[in-house]
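A.B. asks: Please arrange chain F on chain G, whose structure you already have, making use of the hints.
Protein chains: 2
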Amino acid sequence: MIRKFTMGRPIITEAVTAEFMSEKIGAFPFKSKTENGCFSFSFAMRKDDIVYGLGEAVRGINKRGWIYESYCSDDPFHTETKSSLYAAHNFIMLGGSSSFGIFIDFPARIRWDIGYSKSDEAEITICGMDFDIYLITADSPREIVREFRAAIGKSYVPPFWAFGFQQSRWSYHNAEAVDRVIDGYNSANIPIDCVYLDIDYMDSYKDFTINESAFPNFKSYVADKQSQGIHLIPIIDAGVKKEDGYEIYEEGKANGYFCKTADGSIFEAGVWPGICAFPDFINPEVRRWFGSKYRYLLDMGIDGFWNDMNEPALFYSAKGIENALDEAAEAKGKNLDLGKFFHLKDVFMGLSNSRDDYSSIWHSVDGESVNHQSVHNIYGASMTKAAGDYFSEAFGEGKILMFSRASYIGAHRTAGIWFGDNHSWWSHILLNLKMLPSANMCGFLYCGADLGGFNENATRDLVLRFLALGVFTPLMRNHSALGTRDQECYSFENTDDFRDIIEVRYRLIPYLYSTFKKASEENELIFRPLSFDYPDDKIARECETQLMLGEECMIAPVYEQNVSGRTVYLPEDMRLVKLSGTRVEQQELEKGLHYIEVALNEIPLFIKKSKKIPLCQPALRTRDLDKDSLEYI
Amino acid sequence: MIRKFTMGRPIITEAVTAEFMSEKIGAFPFKSKTENGCFSFSFAMRKDDIVYGLGEAVRGINKRGWIYESYCSDDPFHTETKSSLYAAHNFIMLGGSSSFGIFIDFPARIRWDIGYSKSDEAEITICGMDFDIYLITADSPREIVREFRAAIGKSYVPPFWAFGFQQSRWSYHNAEAVDRVIDGYNSANIPIDCVYLDIDYMDSYKDFTINESAFPNFKSYVADKQSQGIHLIPIIDAGVKKEDGYEIYEEGKANGYFCKTADGSIFEAGVWPGICAFPDFINPEVRRWFGSKYRYLLDMGIDGFWNDMNEPALFYSAKGIENALDEAAEAKGKNLDLGKFFHLKDVFMGLSNSRDDYSSIWHSVDGESVNHQSVHNIYGASMTKAAGDYFSEAFGEGKILMFSRASYIGAHRTAGIWFGDNHSWWSHILLNLKMLPSANMCGFLYCGADLGGFNENATRDLVLRFLALGVFTPLMRNHSALGTRDQECYSFENTDDFRDIIEVRYRLIPYLYSTFKKASEENELIFRPLSFDYPDDKIARECETQLMLGEECMIAPVYEQNVSGRTVYLPEDMRLVKLSGTRVEQQELEKGLHYIEVALNEIPLFIKKSKKIPLCQPALRTRDLDKDSLEYI
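Sequence lines, in order, name chains G and F.
In this note's numbering, each number is its position in the first sequence, counted from 1, plus 354.
In this note's numbering, each number is its position in the second sequence, counted from 1, plus 354.
It is worth saying that the hints were derived from the structure and are not from the lab.
There could be a bad hint or two in this list.
[To be verified] Derived lysine to any residue pairs resembling SDA-like cross-links, with alpha carbons at most 25 angstroms apart:
(1) G:K699 with F:L930
(2) G:K892 with F:L930
(3) G:K699 with F:D429
(4) F:K892 with G:E944
(5) G:K963 with G:S868
(6) F:K872 with F:A372
[Claimed, not checked] Rough simulated footprint, nothing fancy, chain G against chain F, three-plus residues with beta-carbon under 8 angstroms:
(7) 417–425
(8) 663–676
(9) 779–792
(10) 810–823
(11) 891–903
(12) 936–950
(13) 967–978
Cβ atoms here follow ideal geometry from the backbone N, Cα and C, with glycine treated the same way.
Excised from the complex, chain G in its bound form (with noise of 0.2 angstroms):
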């Protein structure tokens, strides 16, 4: 059951589609207070009671023991102590002593204090007056999930090929550099699908451009590529360059498109072009003028699309590097002390995301003019329904790919996400594989990490054991950042593990498919925690280093360095299938602990007893994949 609580008058984010009667704030049934304009309520949890839910946030699949942030920022450092990253999933679910679930419908910060000040009671602060509180009751956490899927509308379900693997880096300059990793990948005979074009595509990083003299005859060069079965999915940013003449700035500006300040002027901030102006995504008028802007690169042949910075990330603004050169000017000739150098320091280094940045950021909402502070968390989520609404007009359901960095509940019906920039750390492994069914819960099915982390250097195990995690994952793409080492598998020693690997996933793609499929028909979760099956299993309860896949499987990839294996926790027994190329080794196992060896160009996966899996033959493309014979293991 779901009960709707209201307070104030919300913004409305369109999270929810189905449709509740509002009941008043004070039947609202935890303990509450209202304090400095912000509305606060708790609840107590025992011992062993579990919270799941925030969708993609650091820590645990459990997310007692920490303070969480609803707030989208660009912050690349995803350790544990951070309070936010790139998304704001305000969905919580306790499962034990009782089960619901809270959804928050609500697009400014919301703080979630679960356990960090008291151990046993979990303290939620929305703050604002003006919000939807969903509070979902079943007997378990799993039809908990489902009530709250069904009420938030169908996942996005991505075309077939997305499910192939895929390639970026930032960047692969030019149209020789992109012919590179093609020519790599063919050459070693590993499957792959996608390309990715980062921001050095574009002409001066300006959206919807093309750098003609790196991608001459782009048209024509797209589709040659599509001809050899390789999609290109360019990525969009939120900022537009201020350019005189250039024809999306100048339409923005002419129609009053973009955030302003509080004066009414643009609101202006430095990103990868330079000084931009911001569409303002939450008008719907504009999100359908930027939604067909992607018309120029469909009509290019391009068939699928990353949104990127859209929290919004914005360097600087005009504002914030005067202030700060006007410090050091201030500074010059004196002897400064500590405190003012770590002072001056910090005005430099606090330039970038700075939350005084988005307060003089408004926004036209119904003609009423509305902080940026109120609406930040469905930024990033309005301009993918921007380029959701105009595919699905234009195209039907599913044609297109798109995924997000920002999110909010909600966009998972048009779009799916990636876990943002990540690191090469092998903490990373485990960091992303628990982020998966926290994120199914939130709706967000077609998503994954970074293979092989997107900041700092990797090593050739790294992207083994990250793609072997990528195998299963919807999205799966290596990426790499700017100046790290070359990430690429053809890059490494010994390219026949990377083939091994990857053929497998090729091999499951029909399998995942129709799990993918079946979880947005039916609203399930693909990856749940080994605590949702096995709720009276203590080892079971407690273990995030593995995942439930689909009704069948049981997932335990390898996260540590210079290991030859793993122990695995089998809540029943279990069938361990080796998987390695075209090669597939199984093995009985009885529930419990066990040592299971795994070389780095091996997967395991542990198949119920009852259960079967279909593989097909592997192939270089997946247009390639015979879909009709199947053998089931």
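C.D. replies: Frame of chain G; chain F shown alone:
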């Protein structure tokens, strides 16, 4: 057997105390090359070989799969992709297909590519042409360590009370704050032996001064604490405040004891006190002078110190800040493009610990002017030697507690180390555990991490689990940074759990102290990787979440949040002993994998079948421990 190979005219570091005949580098039995003034050598690693060593460093006990750098660094972000921490411990060891150890006695930069560039090859690059390499061969890693340790001299043994529990914070600003800590522990009946004085006890951060208004009548205050069994441990920083009339500065200046710039003037840089001069600790005369200055605090009754900021940490140099401010002035009024903006931001962010600044420091070595880069890695160790030599001379061995942040092998004879400014991250429990055997290999026995984590906020459960590792580390200190949540044990709910944990420490002190003394006497490790003891057991060989302790035990701390236990691998039949306060529970377990429950107030310990260890009754101070009535478990 140890062979010594000499190239050029090495700087004397005093790391090795035994005498060896020098062989020419040409006889060094490894593939080597000389390029750009650097000497590199390499060796092959078979698939199952383990590379041990490098002491205080990031990542695993097995160092394979990364590039490390010996370059003492004040960097508080101990993430997987860092190459250096505060220490330079130039010892590595191959264990597996063949066994050998290598110590490179060279105080400048060394690059250790342990299978990063090529998975099966280690390449080590010594950035200079004057060094000694020691090649140690023996039948096993453990024997190699013994041989090496015999060559570098016996490890420092601190006073007995230094095995008590210690509480620190940046900072307890005055006597009242210190008293509140002692009262807090006394009221909660939690044992404690030491309280730390971080930088604010000084007058304007000047070494060897007391802020009299914060600590009036310091001498009698110290005596009063001593009478309560509490040792106050003040910090000493490397930089000496530039201030006319300040004795240390004036003496150093008058005698030419400070490091110079290229033009012979005193090198100046900003640290806590603002602009500082840096004693030229490489010069024995300066060491004698600076060491004798500790007398001021010893005379007040102080009997323990921690040396900090001795990499040396430089917040900024006068030259650096002037340059940054010039660049800012240049940018003023201009429309900064992205490149210029990021350049400016990088200039400010790069002000601290800049390698350019290090290059502009000059030392006097035997009357010759030597650039800092040539001796960088012994700067901190030399500061520690300054103090240690003075303490030995004045009091004999083992009377004064001392440990340092920066270190180099050799300093293990006069001091311990702590693992620097870690974070309140669960992953740091494991990182700090892994450093223990590595540090032991390099001679550092008295060591430990900031329990609960130094930077950022800790949760109650993290502090308890971190303390449960700390129960076994010679240095057991809870420490946290300015601006973070209170982290003293009595600051959290239900202090009984904390008492249960720390009482176990006090019960174990007789065992831990005798294990420590024996390890120092016999050049043994206190903590060994399981692979040392079970080289043919594949699971044990790769296990890096458990350690052997002494001859009797194995430890396996819990390192994940929200779990009620962990999986442990027993390489042979053992007894599980769970300790909590005065409670002792025992259970025989068979070789193999086990899931064991471990409550937040419990310490699991695994004792070999034929072994027993002593426990004493707990006491609130180490001086009150009855070491004569021991219970054997």
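A.B. asks: Now tell me, hint by hint, if it's right for this structure.
C.D. replies: Evaluation of the provided hints:
Proximity of K699 of chain G to L930 of chain F is assessed by CA-CA distance (about 52 angstroms); at most 25 angstroms being required, the pair is judged violated. Straight-line distance between C-alpha atoms of K892 of chain G and L930 of chain F comes to about 20 angstroms, which keeps the hinted pair within the 25 angstroms bound. A C-alpha spacing of about 16 angstroms is found between K699 of chain G and D429 of chain F, which places the hinted pair at or below 25 angstroms, so the restraint holds. Under the criterion of a C-alpha separation no larger than 25 angstroms, the hint pairing K892 of chain F with E944 of chain G is consistent with the structure, at around 21 angstroms.
This hinted pair checks out: K963 of chain G and S868 of chain G have alpha carbons roughly 20 angstroms apart, not beyond 25 angstroms. As the CA atoms of K872 of chain F and A372 of chain F are separated by approximately 20 angstroms, the hinted pair is consistent with the 25 angstroms bound. Look at the segment 417–425 of chain F against chain G: 3 of its residues bring a Cβ nearer than 8 angstroms to a Cβ of that chain, three or more, so the hint holds. Coverage of the segment 663–676 of chain F by chain G holds [criterion: at least 3 residues with CB-CB distance below 8 angstroms; count 3].
Using a Cβ-Cβ cut-off of 8 angstroms, 3 residues of the segment 779–792 of chain F lie near chain G, which meets the minimum of three, so the contact claim holds. Using a Cβ-Cβ cut-off of 8 angstroms, 6 residues of the segment 810–823 of chain F lie near chain G, which meets the minimum of three, so the contact claim holds. Judged by the Cβ-Cβ criterion of 8 angstroms, the segment 891–903 of chain F is covered by chain G as claimed, because 4 of its residues qualify and three suffice. Closer than 8 angstroms: that is the beta-carbon criterion, and the segment 936–950 of chain F has 3 residues meeting it against chain G, so the requirement of 3 holds.
Counting residues of the segment 967–978 of chain F whose C-beta lies closer than 8 angstroms to any C-beta of chain G gives 0; at least three are required, and the coverage claim is violated.
Of the numbered hints given earlier, the model fails hints 1 and 13; all others are met.
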